[in-house]
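Student: We have chain A; now place chain B onto it with these hints.
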Amino acid sequence: MNRTQGIWAAAVCGAILFVVGCGGGSSSQLKVISTSGSNVQPITVGGGPTGEYVDGAFTSVTVCTPGTSTCQTIDGILVDTGSSGLRILSSALTIALTQQNAPDGNPVVECLPFLDAYTWGPVKTADIQIAGEKANSLPIQVLSDSDFPVPNSCSDNGPSADTISSLGANGLLGVGSFAQDCGPACVSTGASNPELYYECPAAGCSVVGENLAQQVQNPVVLFATDNNGVVLQLPAASSPAVSLSGSLIFGIGTESNNALNGATIYTLDEFGNFATTYSSQSYSGSFLDSGSNGIFFLTSGITGIPDCSGFYCPASAENLSATNKGANGNSGTVNFSVGNADSLFNNNPADAVFGDLAGPGSADGFDWGLPFFFGRSVFTSIEGQPSPGGTGPYWAY
Amino acid sequence: MNAPKIFPCRANSAELLQASAIPLAMMMIIMMIMVTAPPAFAGLGQDVSSVPADQVQMKGTLRSTQNQAYAVHEIRAATGTVVREFVSPSGKVFGVAWQGPWPPNMRQILASYFEQYQRAAQVRMNSRPGRRPLMLEQPGLVVQSSGHMRSFAGRAYVPDMLPPEVSAEAIR
Numbered sequence: 333m334n335r336t337q338g339i340w341a342a343a344v345c346g347a348i349l350f351v352v353g354c355g356g357g358s359s360s361q362l363k364v365i366s367t368s369g370s371n372v373q374p375i376t377v378g379g380g381p382t383g384e385y386v387d388g389a390f391t392s393v394t395v396c397t398p399g400t401s402t403c404q405t406i407d408g409i410l411v412d413t414g415s416s417g418l419r420i421l422s423s424a425l426t427i428a429l430t431q432q433n434a435p436d437g438n439p440v441v442e443c444l445p446f447l448d449a450y451t452w453g454p455v456k457t458a459d460i461q462i463a464g465e466k467a468n469s470l471p472i473q474v475l476s477d478s479d480f481p482v483p484n485s486c487s488d489n490g491p492s493a494d495t496i497s498s499l500g501a502n503g504l505l506g507v508g509s510f511a512q513d514c515g516p517a518c519v520s521t522g523a524s525n526p527e528l529y530y531e532c533p534a535a536g537c538s539v540v541g542e543n544l545a546q547q548v549q550n551p552v553v554l555f556a557t558d559n560n561g562v563v564l565q566l567p568a569a570s571s572p573a574v575s576l577s578g579s580l581i582f583g584i585g586t587e588s589n590n591a592l593n594g595a596t597i598y599t600l601d602e603f604g605n606f607a608t609t610y611s612s613q614s615y616s617g618s619f620l621d622s623g624s625n626g627i628f629f630l631t632s633g634i635t636g637i638p639d640c641s642g643f644y645c646p647a648s649a650e651n652l653s654a655t656n657k658g659a660n661g662n663s664g665t666v667n668f669s670v671g672n673a674d675s676l677f678n679n680n681p682a683d684a685v686f687g688d689l690a691g692p693g694s695a696d697g698f699d700w701g702l703p704f705f706f707g708r709s710v711f712t713s714i715e716g717q718p719s720p721g722g723t724g725p726y727w728a729y
Numbered sequence: 154m155n156a157p158k159i160f161p162c163r164a165n166s167a168e169l170l171q172a173s174a175i176p177l178a179m180m181m182i183i184m185m186i187m188v189t190a191p192p193a194f195a196g197l198g199q200d201v202s203s204v205p206a207d208q209v210q211m212k213g214t215l216r217s218t219q220n221q222a223y224a225v226h227e228i229r230a231a232t233g234t235v236v237r238e239f240v241s242p243s244g245k246v247f248g249v250a251w252q253g254p255w256p257p258n259m260r261q262i263l264a265s266y267f268e269q270y271q272r273a274a275q276v277r278m279n280s281r282p283g284r285r286p287l288m289l290e291q292p293g294l295v296v297q298s299s300g301h302m303r304s305f306a307g308r309a310y311v312p313d314m315l316p317p318e319v320s321a322e323a324i325r
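These protein sequences, in sequence, are chains A and B.
With our numbering as the guide, the letters of the first sequence map in order to residues 333 to 729.
With our numbering as the guide, the letters of the second sequence map in order to residues 154 to 325.
Looking at chain A on its own, in the form it has when it is part of the complex (with noise of 0.2 Å):
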């Protein structure tokens, strides 16, 4: 972000905190956005480095070549809740990183699976800053297709989203509910390792074990202090907007500014999820996800709502409602409307911030995406930190 950028988003942070402060609404909306702080991170709701995308947060991480004053300050990074690591396009990349090696001085590289794509690229280490909160030597993926040849059992899952246009972004900042990006299964080889980090020779790629400290990991869990996990504060959206400006707070209940204030807490179960209830059927495989641009829920043959090109056509907005509900059994009804996007894209070219975009999903549970987080302060903390909530992980708002 320029300087006149960030004055504008400044000013418009100011008159948002006035019309949401002044707004009313019900008790569970969200009164004051928190902006100042040393733990404060502004983020904007907008098309992001393409200008294409929609309900997709953004913000700005600053990366400096280990031990250096070396620094770039990369923009247009998607604010994910639904995963854990840096991710950095290599083409956004103007500083040189250390690349990480295995214990027999090959470089490490990461293939991530993602639902319909992988990213592939050098894991390497960067010092890096968010708002006041540094994280040193922390390992990052670089996505790039070209610095090493991607194997087939990295490809076989899909296409690439290693290039601006598919990711739609310059990056991903994952401040998810787990610590690392895969976790106890990646540190020894075998059959049971999903296949994540792999060593490259010249010779070619080959699957490696990679410790806990060594793979892809949530920045915030490497922060001094603040470190338990994230706040995501957005203001409501009620009419579609050009952008939306917000704040990502590091911590909860570790300063005056991220404290639960009686939210309510849901723990997740070992894969982090918890269950949503809608028309008295259980998904038991339901998130939350700031990272995905739409609330995404079962198919047009079980809601009875058409669907067009991947989100839901309603012939006039539907207002629906359905319940959450925590492992440890705390459950909230949260109210949400399906707009029709078809209707909502073509009638607002210039926008990228619509609330009541939803779509179709899975059986398995509802994707409570981005539209879940307008209006609300949204708690998500870290497997296995301590936290006023308790231990993670959990969600709470």
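FYI, nobody ran anything at the bench for these hints, they're computed from the structure.
The reader is advised that the hints may include incorrect statements.
With beta-carbon atoms standing in for the labels, derived distance ranges [as the list claims (entries may be wrong)]: (1) A:PRO681 / B:PRO242: 48 to 56 Å; (2) B:THR218 / A:VAL574: 51 to 59 Å; (3) A:SER497 / B:SER243: 40 to 48 Å.
Quick reminder that beta carbons are idealized off the backbone N, C-alpha and C, glycines included.
Tutor: Chain B only, in chain A's frame:
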């Protein structure tokens, strides 16, 4: 994560023999394919004899069940991911479903449909960037994929290959 134990093929055969619901003919087919070399191609649209090749690729255990309309071959990979292959009475894999911490090898389970899937997923990604479930409905191919890091679920099927009176919703 607890890695499931890998049983040798003999244990699977014994399990099958104990499962009285499985017709004798089905058991014989499965026992036959266990002693023959797995074919090079496996997965969606392929012959039932391709199932062991998928089992080998996934380093998993195999459990097979049969109902009136189709058979289900469930492969539990050592990674914790479960893949179910749905086989029609004519012996063809008409659908696959998966669930677990990581997705299965998509080329392996989509077989000759992989390139079609890959092209369509690429087109979708570039037409409107954004991370969301994949709900692909192509002529002759449906692929659905959802979840997040460490929790993936999905299914793929060939609508024309579904046996009569079998609903796509059964493929889970």
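Student: Each hint needs a verdict: does it hold in this structure or not?
Tutor: Okay, the hints, checked on the actual structure:
{"no.": "1", "hint": "A:PRO681 / B:PRO242: 48 to 56 Å", "in the structure": "holds (51 Å)"}
{"no.": "2", "hint": "B:THR218 / A:VAL574: 51 to 59 Å", "in the structure": "holds (54 Å)"}
{"no.": "3", "hint": "A:SER497 / B:SER243: 40 to 48 Å", "in the structure": "holds (42 Å)"}
Violated hints for the displayed structure: none, as all numbered hints are satisfied.
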